[in-house]
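Q: Heads up: the sequence lines are chains A and B, in that order.
Just so you know, the first sequence maps onto residues 1 to 525 in this note's numbering.
Just so you know, the second sequence maps onto residues 1 to 525 in this note's numbering.
Mixed in with the good hints there might be a few duds.
No copy labels: a pair is met if it fits in one copy or bridges any two.
No farther apart than 20 Å at their CA atoms in a straight line, the calculated lysine to aspartate or glutamate pairs in the EDC-like style are these [what the hints assert, rightly or not]: (1) Lys51 <-> Asp414; (2) Lys242 <-> Asp255; (3) Lys360 <-> Asp80; (4) Lys12 <-> Asp113; (5) Lys507 <-> Asp428; (6) Lys435 <-> Asp504; (7) Lys204 <-> Glu116; (8) Lys435 <-> Asp500.
Hints listed in this document are in silico derivations from the structure and should not be mistaken for laboratory results.
There are 2 protein chains.
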Amino acid sequence: METGNLIGYQYKEARGNGFRAIDPSTGNQLPGDFYTADSADVDSALNLAEKAAAIYRYVDKKTKAAFLRSIAEGITNIGDELVERAMAETGLPQARLQGERGRTTGQLNMFADLVEEGSWVEAVIDNALPDRQPAARPDIRKMLIPVGPVVVFGASNFPLAFSVAGGDTASALAAGCPVIVKVHPAHPGTSALVAEAIKKAAQKHELPEGVFSILYDNGYTIGEALVKHPKTKIVTFTGSFKGGTALLKMAQQRDQPIPVFAEMGSVNPVILLPDALESRYNQIAEQYASSITLGAGQFCTNPGLLIAMKSSGLEKFKKALGDALAKINSSTMLTPGICKNYSALSAEMLAEQGVSIIGKGNLNNDKANQAQPIVATVSASSFLVNPKLKEEVFGPYSLLVEADFEVQLQQVLDDLQGQLTASIVADDTDLVKYKSLIQGITSIAGRVMLNNVPTGVEVLQAMQHGGPFPATSDSRFTSVGTGAIKRFVRPVSWQNWSNDLLPDELKNGNPLKIWRLVDNKMSKE
Amino acid sequence: METGNLIGYQYKEARGNGFRAIDPSTGNQLPGDFYTADSADVDSALNLAEKAAAIYRYVDKKTKAAFLRSIAEGITNIGDELVERAMAETGLPQARLQGERGRTTGQLNMFADLVEEGSWVEAVIDNALPDRQPAARPDIRKMLIPVGPVVVFGASNFPLAFSVAGGDTASALAAGCPVIVKVHPAHPGTSALVAEAIKKAAQKHELPEGVFSILYDNGYTIGEALVKHPKTKIVTFTGSFKGGTALLKMAQQRDQPIPVFAEMGSVNPVILLPDALESRYNQIAEQYASSITLGAGQFCTNPGLLIAMKSSGLEKFKKALGDALAKINSSTMLTPGICKNYSALSAEMLAEQGVSIIGKGNLNNDKANQAQPIVATVSASSFLVNPKLKEEVFGPYSLLVEADFEVQLQQVLDDLQGQLTASIVADDTDLVKYKSLIQGITSIAGRVMLNNVPTGVEVLQAMQHGGPFPATSDSRFTSVGTGAIKRFVRPVSWQNWSNDLLPDELKNGNPLKIWRLVDNKMSKE
Chain A
1 METGNLIGYQ
11 YKEARGNGFR
21 AIDPSTGNQL
31 PGDFYTADSA
41 DVDSALNLAE
51 KAAAIYRYVD
61 KKTKAAFLRS
71 IAEGITNIGD
81 ELVERAMAET
91 GLPQARLQGE
101 RGRTTGQLNM
111 FADLVEEGSW
121 VEAVIDNALP
131 DRQPAARPDI
141 RKMLIPVGPV
151 VVFGASNFPL
161 AFSVAGGDTA
171 SALAAGCPVI
181 VKVHPAHPGT
191 SALVAEAIKK
201 AAQKHELPEG
211 VFSILYDNGY
221 TIGEALVKHP
231 KTKIVTFTGS
241 FKGGTALLKM
251 AQQRDQPIPV
261 FAEMGSVNPV
271 ILLPDALESR
281 YNQIAEQYAS
291 SITLGAGQFC
301 TNPGLLIAMK
311 SSGLEKFKKA
321 LGDALAKINS
331 STMLTPGICK
341 NYSALSAEML
351 AEQGVSIIGK
361 GNLNNDKANQ
371 AQPIVATVSA
381 SSFLVNPKLK
391 EEVFGPYSLL
401 VEADFEVQLQ
411 QVLDDLQGQL
421 TASIVADDTD
431 LVKYKSLIQG
441 ITSIAGRVML
451 NNVPTGVEVL
461 QAMQHGGPFP
471 ATSDSRFTSV
481 GTGAIKRFVR
491 PVSWQNWSND
501 LLPDELKNGN
511 PLKIWRLVDN
521 KMSKE
Chain B
1 METGNLIGYQ
11 YKEARGNGFR
21 AIDPSTGNQL
31 PGDFYTADSA
41 DVDSALNLAE
51 KAAAIYRYVD
61 KKTKAAFLRS
71 IAEGITNIGD
81 ELVERAMAET
91 GLPQARLQGE
101 RGRTTGQLNM
111 FADLVEEGSW
121 VEAVIDNALP
131 DRQPAARPDI
141 RKMLIPVGPV
151 VVFGASNFPL
161 AFSVAGGDTA
171 SALAAGCPVI
181 VKVHPAHPGT
191 SALVAEAIKK
201 AAQKHELPEG
211 VFSILYDNGY
221 TIGEALVKHP
231 KTKIVTFTGS
241 FKGGTALLKM
251 AQQRDQPIPV
261 FAEMGSVNPV
271 ILLPDALESR
281 YNQIAEQYAS
291 SITLGAGQFC
301 TNPGLLIAMK
311 SSGLEKFKKA
321 LGDALAKINS
331 STMLTPGICK
341 NYSALSAEML
351 AEQGVSIIGK
361 GNLNNDKANQ
371 AQPIVATVSA
381 SSFLVNPKLK
391 EEVFGPYSLL
401 VEADFEVQLQ
411 QVLDDLQGQL
421 TASIVADDTD
431 LVKYKSLIQG
441 ITSIAGRVML
451 NNVPTGVEVL
461 QAMQHGGPFP
471 ATSDSRFTSV
481 GTGAIKRFVR
491 PVSWQNWSND
501 LLPDELKNGN
511 PLKIWRLVDN
521 KMSKE
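The task is simple: from the sequences and hints, build the whole structure.
A: Okay, structure coming up:
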């Protein structure tokens, strides 16, 4: 495995500041010495990326699509080595990582299809009106163009699907932007294996050097230097509120401010309505015990907040949820730091006024860094006066808020900050009784579910993974699904250009056969 | 004329802090006492707007379209009084204001058509795949929803088309967002007349009170209070870099940051290529003398920077431009303050190292606040080392930068900040010789012209009026054309909802007959 910083097509030689990955299930170091980049590496990567941007932008869409498919193929071809290294670096189980590998290659192939089809550029043509009075109207045509070098921060909780060749990288490369990945220090070996696959794919398709680079850092210096570098045009990040808002502030204070697409977490409220609880408390308890503990609760869509009104059904649900949790074993968290934070924060929550435990999972003492699943409960009146209880606990923890009546339940909802998701669990009779409450749910979240758990984010056209602040830094964009490509582009209008000088997407006769809005009509002609 | 602050359907009674409009052509006060709002007014307007938002969002698209058309009709029905008051308050000529009134009603009707057609919500449907392995895929559907109360700052330079019922208001109301206008203090009477037309239209269609309000302020307090109010969701602004960045900072420092769409000006570079100058110096000089002085140069797309290489054609062009300017009379600027700034800043520019005058227009001493057109010239080498020369001079001033050779011309371009527009003036032979320079032009601007002047922004689907910072605060959006509606919405996904609970836009059978992306295929079925 090549462990050096990869700048364009060159691995840099080892220098000081080495670090190793840690197996969280044992606490032991893993083989492979990685090296924190320096500011000269940041400069080199961005200089190459800027030059590559001017060329890569004009690479034809078939080649871009083939590049993305070659990356997917390269990742698959790494074989068991990749899954094994990712298991060792993250403590995640084999089946999950095999699934995540499939999602990662699926995302690359999905963006390849999107780019090859081509309509995503939103081409618009308003033909000239030479006879318009009092003055002729010129020909004006618009489409989306790539903005330039993108810095992607690898996420700890998706070592493949939101890391080196994850959704951010795939969508940025699809848009026509070079990518520099700041590797997450928890899984450098996984990152190195994937980076080599991207490098080989770029070389195979003779893309300009600098279309892709990766830099390692087990601290914060390189991330900061990347965000502040004048040639960086866009930043993507998945992680904590503290990390995301720090990057956002740096980006806003630049001479030329740039967008940071930060996904910063969410408690993903679930509203459990009375008739549903009464009629299917057991099924709902099983479903949520499983969703809360999936992947050791380390998902941005983890249901961290359940909200219900007091009822006999709720009492039965609490009992069933406690029973279901008792059957679930603890699992290894991604890093010792994450595990330490989980233990500390969940203990703090349980010590808050009025909070009591509904149920717990079993603690496995054979492995290190175990997260014990916990569901606690608190009254709505205590919740409403205690801001601490609204914070996210990253891990398999969820808080049930019990309201005395509907108005109080609505108060709890009104009191919440922006969310990635919000879910309703309801029977048909609930849907009639709580119509206005249910209708209002879209105002707090980017994705709203009915009788579905929020975990399991589908990768498709209709996905919105991004909600009002502080769930994400910009609720108008998504980081999952085809829409993710729109984060890396801006529209440009061409006025009065001759046909041969226009991009193919905007030429007369529609040589690329894409959907276009021509004189106010959608057309493939 | 009702001169009170309009909060929902109520005019507030007169209080202290009165002010009057000034006729810039005489410097005299105009009739009508206006009153600066207070913080209680801001609170009332936003409380009403928030309540209205929850209802107005669900008003059917036919009613929203009828509302916009009624506003347009109401503005037309004010008749001569509106144009006369606007002339008195702005010093702009009658024909310009009649034209601007047409543009304003045209924009309202354009958004009415857009909303009534309905496809702008970008509906996407991915049907369920119940048999997918290892788990069924749920039904997921996405569309754009309005975000909530919008604060619109009226612009001084478009008293109708970018003021009370201008493009920002029309597009926000079309998107389904209530609007609160902070009136520009230079044209309060024009604003009051238009506000009454909007109020009447809202009442006619029985829209919720608070869908529209206006507040007056001849200082900065109310604008600041509006941007900082927790119920404000979006801000639009057209004006200076200083004003725009101040609002941006306030918005970013809120507990919940919000977007500010600020259009902050631009020098709109024009690249004059040698063969074109040689073959048609007279025509180009006439065209640009007229574009530079149009509306006393008070347009965001005013061509403030001409760039050319030294040649015999350039010498002939300079002479012709000087001659053309000498035939143009000065005109009244919008306010005494703008005129004072223009005189001071243009004088400062002329005093800079290496700057000399090519030509001037005639100063009309019969009227107050006159802007004398000026075109100056400077060498590229002087320009490159003097940041002062890159600043915008708001008014009929333009600077010609003379490069010694192509590389230096490219250096001048690379040295520029983000621009609303960039223009190329070229003959066919130039297009071949300077191909790479011309291709690169899209990286600095939102709209690029070939042999067209940048002034005269067409209102249509293909228009992009928004460029890289600092031309606008967010180059991904436009403030002119149908795309402007996208500033006021965010996408939401509905997962696993039954058909009757979905918005009509997303229902099976496509009851609204809009364009939708269904299982990856565009369809009106």
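Q: So, against the hints stated earlier in the document, which numbers end up violated here?
A: Result: hints 3 and 4 break, sorted rising.
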